[in-house]
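Engineer: The primary structure of each chain is shown beneath.
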Amino acid sequence: MPNYSYPPMEQRRVMGKRITRLDGMEKAAGKAKYNSDVRPKGTIHAVGVFSPHAHARVKSVDTSAAQQAPGFAAVSVVAAPGAEVNWAGQEIAFVAAQTEEQARDCARLIKVEYEALPHLVREENLAKAGSRGKPAGEQVTGDPEAAFSAAGAVTHEAEYGIPVITHCCLEPHGQIVAWDGAANKIEYWPSTQAISAVGGDLAKQLELPATQVHSHQDHIGGGFGSKFQSDLWGAHAAKLSKMAGGKPVKLYLERREELTIAGVRPSVFGKVKLSASASGEMTGWDSTTWMTGGFAGGGLNADLLPYVFRNVANRRINHTAVSTNNGASRAWRAPNHPQVCYITCAAMEDLAAKLKMDPMEFFLKNLDKTPRADTYKAQILKAAEMIAWKQNWKPRGSSTGTVKRGLGLALGTWGGAGHASRCRTTINPDGSVLIEIGSQDLGTGTRTIITQVVAETLGLPMGGITLKLGDNNYPASGASGGSTTVGGVSASSRKASVDALDKLFAAVAPALGVPADQLEAVDSKIQVKGNAAKSMTWKAACAKLGVSAIIAENANDPRNPGGLTTGGVGGCQMADVSVDTETGIVKINKVVAVQDVGLVINPKTSDSQVYGGVIMGICAALMEERVMDEMTGRFLNADMEFYKLAGAGDIGEIEVHMDITPDHDKRGVIGIGEPATVPTIACIANAVANAIGVRVPVLPLTPKNVLNALHNTTRRLA
Amino acid sequence: MGPGETEITLTINGKATKVKVETRTTLLDACRERLEITGAKRVCDRGTCGACTMIVNGKTVYGCTTLAVDNVGKKIETIENLTAGAKPHPIVPAFSNNDALQCGYCTPGMVMASKGLLDRTPNPTYDQVKAGLGGNLCRCGTYVGIRKAVLEAAKELRASGGRKSGGSNA
Chain A
1 MPNYSYPPME QRRVMGKRIT RLDGMEKAAG KAKYNSDVRP KGTIHAVGVF SPHAHARVKS
61 VDTSAAQQAP GFAAVSVVAA PGAEVNWAGQ EIAFVAAQTE EQARDCARLI KVEYEALPHL
121 VREENLAKAG SRGKPAGEQV TGDPEAAFSA AGAVTHEAEY GIPVITHCCL EPHGQIVAWD
181 GAANKIEYWP STQAISAVGG DLAKQLELPA TQVHSHQDHI GGGFGSKFQS DLWGAHAAKL
241 SKMAGGKPVK LYLERREELT IAGVRPSVFG KVKLSASASG EMTGWDSTTW MTGGFAGGGL
301 NADLLPYVFR NVANRRINHT AVSTNNGASR AWRAPNHPQV CYITCAAMED LAAKLKMDPM
361 EFFLKNLDKT PRADTYKAQI LKAAEMIAWK QNWKPRGSST GTVKRGLGLA LGTWGGAGHA
421 SRCRTTINPD GSVLIEIGSQ DLGTGTRTII TQVVAETLGL PMGGITLKLG DNNYPASGAS
481 GGSTTVGGVS ASSRKASVDA LDKLFAAVAP ALGVPADQLE AVDSKIQVKG NAAKSMTWKA
541 ACAKLGVSAI IAENANDPRN PGGLTTGGVG GCQMADVSVD TETGIVKINK VVAVQDVGLV
601 INPKTSDSQV YGGVIMGICA ALMEERVMDE MTGRFLNADM EFYKLAGAGD IGEIEVHMDI
661 TPDHDKRGVI GIGEPATVPT IACIANAVAN AIGVRVPVLP LTPKNVLNAL HNTTRRLA
Chain B
1 MGPGETEITL TINGKATKVK VETRTTLLDA CRERLEITGA KRVCDRGTCG ACTMIVNGKT
61 VYGCTTLAVD NVGKKIETIE NLTAGAKPHP IVPAFSNNDA LQCGYCTPGM VMASKGLLDR
121 TPNPTYDQVK AGLGGNLCRC GTYVGIRKAV LEAAKELRAS GGRKSGGSNA
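Residue numbers (this note's numbering), protein chains in the order written: chain A, 1 to 718; chain B, 1 to 170.
The hints are simulated quantities; they were obtained by calculation from the structure and are not laboratory data.
Every value quoted in this text rests on a predicted model; they were computed, and no experiment measured them.
A hint or two may mislead.
Within a straight-line C-alpha distance of at most 25 Å, the following computed DSS-like cross-link-like pairs (lysine-lysine) qualify [claimed, not checked]: (1) A/Lys390 x A/Lys356; (2) B/Lys20 x A/Lys41; (3) A/Lys31 x B/Lys148; (4) B/Lys15 x A/Lys41; (5) A/Lys534 x A/Lys382; (6) B/Lys59 x B/Lys130; (7) B/Lys130 x A/Lys644; (8) A/Lys704 x A/Lys128; (9) A/Lys273 x A/Lys134; (10) A/Lys242 x A/Lys41; (11) B/Lys74 x A/Lys31; (12) A/Lys33 x B/Lys20; (13) A/Lys587 x B/Lys148; (14) A/Lys644 x A/Lys590; (15) A/Lys503 x A/Lys539; (16) A/Lys204 x B/Lys75.
All chains, full assembly: derive it from the sequences and hints.
Structural biologist: Listed below in structure tokens is the structure:
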């Protein structure tokens, strides 16, 4: 069994270095080609017709006028007469024409008649959900009632909520697809987080063997958990192409549909009761939560409550999923975690205030209820130092003046172990090295970290490695979700490259006069271990291969990662905010993030992941909210004007500290994308409560919600 | 229904370029769907996110919110121009150096908005950078690097005395 372990931290030459991402210049110059930029010869355009009703029965669909319009190419009806539509924005038909403008005209000429039916689009009032709510069944540990009524117990009871938010990927969902009917082959250019699998998913929808679909993607303009499937629009674009004689069809969702039907994050609302002894020992937790994942979308794992502090002795959990007439939720960067983190850390901050305790002390005191007390303790102390907690924290509500300042904290966790991944390493007789892997670079730096791992392994500069990814002709690698990519692709590329190098050692060992296991690859040379004098250049070594390249393929096996990758991390974030109590405007002064991530291959791109996670959290804390209209059943702000995201001036200063230590390094590679975004919302919300002296129970922390909290005019949930 | 397509000539990155458009075709769609100038991206469909930012007659504009036919005779600069010369405009390497991008879909618009800002304000303060990029949105959360990149590019431009870089002075 070859030794696949990474060299010790201090001996690494390429891994662990702050290397600029390989596609940075290409992207900064606008030259990176996304599939929405691709325009194969003969491309025609398709657009959709979507239901304006949140719940309706389709009575008729008349495409005859569209078929007479200039440029018309093909039409595909999704919802035939009699079909029930269950959310506004549900797909009715897709139509293709020579130009996008003509396709739009055609869509406008498709006449659809509906019989409107009653709908439910809002879930914050559980009482109104009726039979649409599906309770999950109560879970009880210990005796929460006894904990609440124990002598000296201090209890706190309140409501909290986070609305549904959208992924809002900048590159909309969609694809270009060409279905050659005669050969029954499909060329597919999707926007996907799963290049190895998405073609098979499309083939399944079209009842074709997966072998008939070739998928390719160089870059993706954002996914965040929403781009794993080929989707209905993928299948219909393919059908339109076939009907149009195999011409490539370009079909991307417009922004309204992108926000409405291409994935959202489930909400969570709830009532929480918790208790602690007078000295701050948390003794009981009781939560009744509910949420919606749309008409038939995902749920929320309430079993994570109380988040991180899960081992509280007495605990009762009730949770209800409400089916509403909205598009389905999809995985959203760290599914479940930011929501349950908020519910938990907000309730704990509120109880600490009631106990007249510094919440940091309250969190520290209860770390025995978490799975990694030592890690969290060190992280809390580090974050506190970075934000000067001791100097700047004041008891809740004691900030004076119109603009009040406050500090807040929260803790997070995530898995992030590597996914199944295969990689092929080819060493050519001319010394060139090719890496092929059916993965994708979401902008996280996947290209760069794979190349670092291979360069480290083969003793070559990064420029000596050619990496190919983004194609389902390459060895299959997992979907990029759950922060599992970095662990998976680093392990598979390490193993395939060690195997290839071992074959090269075997080929050159006779010439160097030592057994193959006495060789090492350093500085573009193959040399006898510890004796640089006995060496040959990489090029000379590869020339010994004659005419045959070395080809080695290996994989990361998630059940047996061999120490190269593992999962399970903790993180602590703290926020410093100012709140204008006259306008209700929250300003972020600073957010600090302390994160443990195991072995870090590229601190530069992993820092960027944390910055990005924090900024997404700022957006969700301060501004993001899907606003549903009860009357029309429609998503009122399905655009980027009234669905707010933070800009360059809205995020304050952000400081990142990665726990890069020999102890963490030994754990192997762990994903970072998700954990970094988990605690941000909660720490900001806690900082606002600390500043203004009252809790803004339901996010986002908009001026309206802040002013309502200040004037005690917040509407109760139920 | 539109009246159909007509051929117009647009001056893009210093080059007279013939293109067939409908009157309703935006400058962005003319570039992306008819000329394969795809650096500028279509994201929000309504002039709010800035991913389609271009510079027209020296002014930063949203390519999705101006019609192609309204830009005949104007000097249109797209991101492609910043690397058309012997040396790229300093804002391009500054974005890369500072890891001011992730998925990269907002990046061309951010880069052009930054270039526009530096054209107007060669020596911006940190606050001017924040305000100057207020018309551009990023979803991955790359603002920390972007703010540094603009300041770095400004410094580089000053050091080189505003040396010409990028392509033609479109």
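Engineer: Each of the hints needs a verdict: does it hold here or not?
Structural biologist: Hints and how they fare:
1. A/Lys390 x A/Lys356: The hint holds at about 16 Å.
2. B/Lys20 x A/Lys41: Holds, at roughly 17 Å.
3. A/Lys31 x B/Lys148: This hinted pair holds, its Cα atoms lying about 22 Å apart.
4. B/Lys15 x A/Lys41: Measuring from Cα to Cα gives roughly 24 Å; hence the hint holds.
5. A/Lys534 x A/Lys382: violated, 48 Å
6. B/Lys59 x B/Lys130: Roughly 18 Å separates the two Cα atoms, so the pair holds.
7. B/Lys130 x A/Lys644: Answer holds: lysine 130 of chain B to lysine 644 of chain A is near 17 Å, not above 25 Å.
8. A/Lys704 x A/Lys128: Holds - the C-alpha atoms of lysine 128 of chain A and lysine 704 of chain A are around 24 Å apart, at most 25 Å.
9. A/Lys273 x A/Lys134: holds, 22 Å
10. A/Lys242 x A/Lys41: holds, 15 Å
11. B/Lys74 x A/Lys31: OK: lysine 74 of chain B and lysine 31 of chain A at ~24 Å, within 25 Å.
12. A/Lys33 x B/Lys20: holds, 23 Å
13. A/Lys587 x B/Lys148: holds, 21 Å
14. A/Lys644 x A/Lys590: holds, 20 Å
15. A/Lys503 x A/Lys539: holds, 15 Å
16. A/Lys204 x B/Lys75: violated, 49 Å
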